[in-house]
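Enquirer: Residue numbers (the working numbering), protein chains in the order written: chain Z, 1 to 137; chain Y, 1 to 137; chain V, 1 to 137; chain F, 1 to 137; chain L, 1 to 137; chain A, 1 to 137.
Treat the hints with care, since some could be wrong.
Intra- or inter-copy, both count: the list cannot distinguish identical chains.
In silico DSSO-like cross-links for lysine-lysine, where the CA-CA straight-line distance does not exceed 27 Å [to be verified]:
hint: 1; residue 1: 99; residue 2: 16
hint: 2; residue 1: 16; residue 2: 86
hint: 3; residue 1: 23; residue 2: 86
hint: 4; residue 1: 65; residue 2: 21
hint: 5; residue 1: 21; residue 2: 86
hint: 6; residue 1: 38; residue 2: 99
hint: 7; residue 1: 16; residue 2: 65
hint: 8; residue 1: 126; residue 2: 65
hint: 9; residue 1: 126; residue 2: 38
hint: 10; residue 1: 86; residue 2: 17
hint: 11; residue 1: 126; residue 2: 99
hint: 12; residue 1: 23; residue 2: 38
hint: 13; residue 1: 65; residue 2: 86
Hints are computed from structural coordinates only; laboratory data are not their basis.
Number of protein chains: 6
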Amino acid sequence: MEPKANWKMNKSDRYKKGWEKLKEVDGEAGERVIESLKDIAPDFADLLIEFPFGDIYSRPGLDLKSREIAVVAALTALGNATPQLKVHIHGAFNVGCTKQEVVEVIMQMAVYAGFPAALNGLFAAKEVFEEREENES
Amino acid sequence: MEPKANWKMNKSDRYKKGWEKLKEVDGEAGERVIESLKDIAPDFADLLIEFPFGDIYSRPGLDLKSREIAVVAALTALGNATPQLKVHIHGAFNVGCTKQEVVEVIMQMAVYAGFPAALNGLFAAKEVFEEREENES
Amino acid sequence: MEPKANWKMNKSDRYKKGWEKLKEVDGEAGERVIESLKDIAPDFADLLIEFPFGDIYSRPGLDLKSREIAVVAALTALGNATPQLKVHIHGAFNVGCTKQEVVEVIMQMAVYAGFPAALNGLFAAKEVFEEREENES
Amino acid sequence: MEPKANWKMNKSDRYKKGWEKLKEVDGEAGERVIESLKDIAPDFADLLIEFPFGDIYSRPGLDLKSREIAVVAALTALGNATPQLKVHIHGAFNVGCTKQEVVEVIMQMAVYAGFPAALNGLFAAKEVFEEREENES
Amino acid sequence: MEPKANWKMNKSDRYKKGWEKLKEVDGEAGERVIESLKDIAPDFADLLIEFPFGDIYSRPGLDLKSREIAVVAALTALGNATPQLKVHIHGAFNVGCTKQEVVEVIMQMAVYAGFPAALNGLFAAKEVFEEREENES
Amino acid sequence: MEPKANWKMNKSDRYKKGWEKLKEVDGEAGERVIESLKDIAPDFADLLIEFPFGDIYSRPGLDLKSREIAVVAALTALGNATPQLKVHIHGAFNVGCTKQEVVEVIMQMAVYAGFPAALNGLFAAKEVFEEREENES
């Protein structure tokens with residue numbers, strides 16, 4: 001009878017599921033992205049939680065490690081989204097990838113998107129590796 | 001003492017290793033690509049066997065299934081290499097991916113490269129699925 | 001009490017809103033896209049209705065004509081999604097653009113993405129104009 | 001009789017028309033681009049005034065607001081020209097777009113070019129909004 | 001006193017210079033592009049003659065052969081404008097490139113844009129080579 | 001009998017040939033790239049020397065100046081690899097291009113990849129020109 005309220009409750013479900021998945025995959029780096037959107041496009045922060053994480057990452061049929069391998073590969077190949085690539089290299093670690101696996105995925109992109117794309121991917125990975133070492137020590 | 005002969009033998013090693021890997025990953029579709037280059041750029045056929053397959057796919061540190069997930073993701077995202085995407089969807093099956101996994105990888109690209117890229121990836125997958133069903137029956 | 005059922009009802013709301021918007025914007029061409037996904041990735045058909053049309057096109061703050069101008073511009077510039085560009089040239093007409101406006105948007109892309117992208121956009125537009133003339137006569 | 005002089009006079013016409021349009025659309029940000037080219041490629045500064053602004057922006061058939069919506073959309077989607085995107089977000093304001101309209105155009109690109117492209121577009125917009133607020137206060 | 005008439009005369013100069021250059025570089029393939037625009041966007045046909053060919057190709061400082069090498073490289077790397085790549089492979093021949101030089105330029109793109117881009121460039125070259133052999137025999 | 005040792009010797013040949021070519025083309029800028037890979041992906045440093053420089057740049061059939069024109073064109077057009085573009089603008093000078101030729105190649109990309117790509121290419125060239133003037137003085 002009150003579709004508006006119903007919709008809110010339901011939005012809440014996708015949102016909550018997405019938020020949990022975002023924290024699991026992207027960790028703090030993902031939360032910072034959401035935070036940075038609050039004053040410019042708060043609705044986009046909601047959509048980012050709901051669609052990619054609530055709708056896509058939450059799907060069965062492909063494990064999270066394979067999903068992050070796919071994303072690191074694609075962002076390396078596209079070569080025009082370095083901040084997001086770094087978030088997802090963190091993500092790859094968060095869901096169980098090793099350093100070697102991340103490096104191999106990026107190196108493989110030399111074949112499909114050229115050496116500059118792979119080089120810039122490796123330099124992004126280097127920064128992420130250093131960030132994580134600093135945090136661990 | 002005969003570097004030329006030595007080089008040939010050695011080229012032969014990378015080439016042979018690459019050729020085995022190409023057949024393992026890309027199967028007949030890969031062999032057709034090599035064949036199609038023979039009259040326009042035979043050296044490129046050699047380089048395609050030696051570098052991507054002899055040097056990259058043969059590396060340890062990342063299993064072939066993950067490599068093909070990375071490639072299907074990247075080619076879907078780039079969106080400008082449909083024939084190669086189809087070869088690597090075949091490749092994904094050849095190294096153990098399921099139909100569902102291939103579909104999930106491509107769907108995930110909607111988040112990172114947009115819905116048109118994912119749609120065109122799914123249409124390419126549909127053609128590959130139909131080709132494989134025809135061959136099986 | 002039954003979140004599953006609630007979720008379905010709620011999904012139905014976004015879905016129904018999205019479906020109406022898809023029909024308004026993309027018309028029959030959009031419905032054919034949805035239809036073509038049914039056997040390969042039916043969930044993707046749902047997501048395509050829910051996120052782009054239910055979540056994005058349904059937002060206030062930008063009229064549909066401006067949204068279609070943005071989409072025709074972007075797909076012309078990217079240059080790797082001709083089928084979707086054609087659907088959205090139809091869409092531009094459906095929400096009130098004139099033939100001249102569509103041509104001007106595409107021509108402007110010569111400045112931002114180069115003459116080949118603009119040329120291929122114009123050839124796609126030509127096909128759409130011919131399809132619409134055939135249907136009208 | 002003096003084609004050279006005639007050509008100069010005529011170049012002057014396209015140039016002057018383009019220069020007026022550049023100032024109207026891009027404002028000071030556009031003038032800075034022209035200035036920055038003077039020592040590396042002064043002829044390119046002329047061509048930039050003559051073709052995009054003298055030939056394209058000056059055309060009838062599409063209002064300036066729609067032209068800037070198209071450009072902000074395309075540059076967000078391409079994702080590899082952030083300085084120019086910022087110039088044209090300024091441009092969108094200069095020809096009458098609201099903050100909300102700019103944000104909606106960029107958000108819509110999540111559907112057609114992926115979330116990373118839209119995110120980076122929103123971050124560019126955020127910088128432009130801050131620059132304009134500083135100048136106004 | 002009559003800027004309009006003056007402008008027309010002057011446009012005629014750029015147009016004529018561009019038309020001669022278009023015929024020299026792109027030959028019949030270029031003329032067909034112009035022809036194909038007549039009913040959809042005749043003004044764009046004029047701009048295509050005036051800016052790329054009248055303003056850019058006519059510039060001193062880089063020989064036509066180097067210009068065509070640059071264009072074949074760029075269109076191979078972008079990978080989303082096959083018809084234009086084919087026109088410019090014809091163009092490369094028209095201004096003095098050999099078959100081997102064209103093949104080497106395209107092969108080099110494997111390093112900078114990946115093997116799929118180079119492969120699709122070679123397949124486009126193969127079609128052009130066959131077209132030219134047919135015309136010669 | 002010892003394929004491993006044989007392979008090393010042979011790898012050494014491609015590697016040495018590639019290393020000489022890398023120094024000839026890219027000079028110190030290229031050596032710095034190799035150096036920067038040592039701790040993140042040393043194997044990729046080897047592959048970068050062996051395939052692009054040992055296999056491709058060492059081929060007959062296209063002079064080094066034309067190869068660098070092709071690479072500067074492609075990286076300007078792709079627009080997502082500025083560090084590599086700068087290395088190859090240095091490379092273009094190293095193999096005999098003039099400042100004017102480099103500027104013309106980049107300006108030509110305005111036609112094929114749009115004005116933003118050409119502008120960003122010119123700004124990269126400006127930085128390289130300044131670096132070289134500083135080193136010369």
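Enquirer: For each hint, tell me whether it holds in the structure or not.
Expert: Status of the hints after comparison with the structure:
With identical chains, the CA atoms of residue 99 and residue 16 are never at most 27 Å apart, being 30 Å at best within one copy and 29 Å at best between copies. When the C-alpha separation of residue 16 and residue 86 is checked against a cutoff of 27 Å, the pair qualifies only within one copy, where the shortest distance is 24 Å, while the shortest distance between copies is 34 Å. For the identical chains of this complex, residue 23 and residue 86 are intra-copy neighbours only, at 15 Å inside a copy versus 31 Å across copies, given an alpha-carbon limit of 27 Å. In the homo-oligomer, the alpha carbons of residue 65 and residue 21 lie at most 27 Å apart both inside one protomer (13 Å) and across protomers (24 Å), since each shortest distance falls under that limit.
In this homomeric assembly, residue 21 and residue 86 come within 27 Å of each other (Cα to Cα) only inside a single copy, at 18 Å, whereas the closest approach across copies is 31 Å. In the homo-oligomer, the alpha carbons of residue 38 and residue 99 lie at most 27 Å apart only across protomers (15 Å), although the nearest pairing inside one protomer, at 32 Å, exceeds that limit. Proximity of residue 16 to residue 65 under the C-alpha cut-off of 27 Å is restricted to the intra-copy arrangement: shortest distance 21 Å within a copy versus 32 Å between copies. In this assembly of identical chains, the alpha carbons of residue 126 and residue 65 lie at most 27 Å apart whether taken from the same copy (20 Å) or from different copies (25 Å).
Only between protomers do residue 126 and residue 38 lie at most 27 Å apart by alpha-carbon distance; the minimum there is 11 Å, versus 29 Å within a single protomer. Taking the shortest Cα distances, residue 86 and residue 17 sit within 27 Å of each other inside one copy (23 Å), while across copies they are farther apart (34 Å). With identical chains, the CA atoms of residue 126 and residue 99 are at most 27 Å apart within one copy only, with a shortest distance of 10 Å there and 34 Å across copies. In the homo-oligomer, the alpha carbons of residue 23 and residue 38 lie at most 27 Å apart inside one protomer (17 Å), although the nearest pairing across protomers, at 32 Å, exceeds that limit.
Taking identical chains as interchangeable, the C-alpha atoms of residue 65 and residue 86 lie at most 27 Å apart whether they share a chain (16 Å) or sit on different chains (23 Å).
Of the hints listed earlier, the one the structure fails to meet is number 1.
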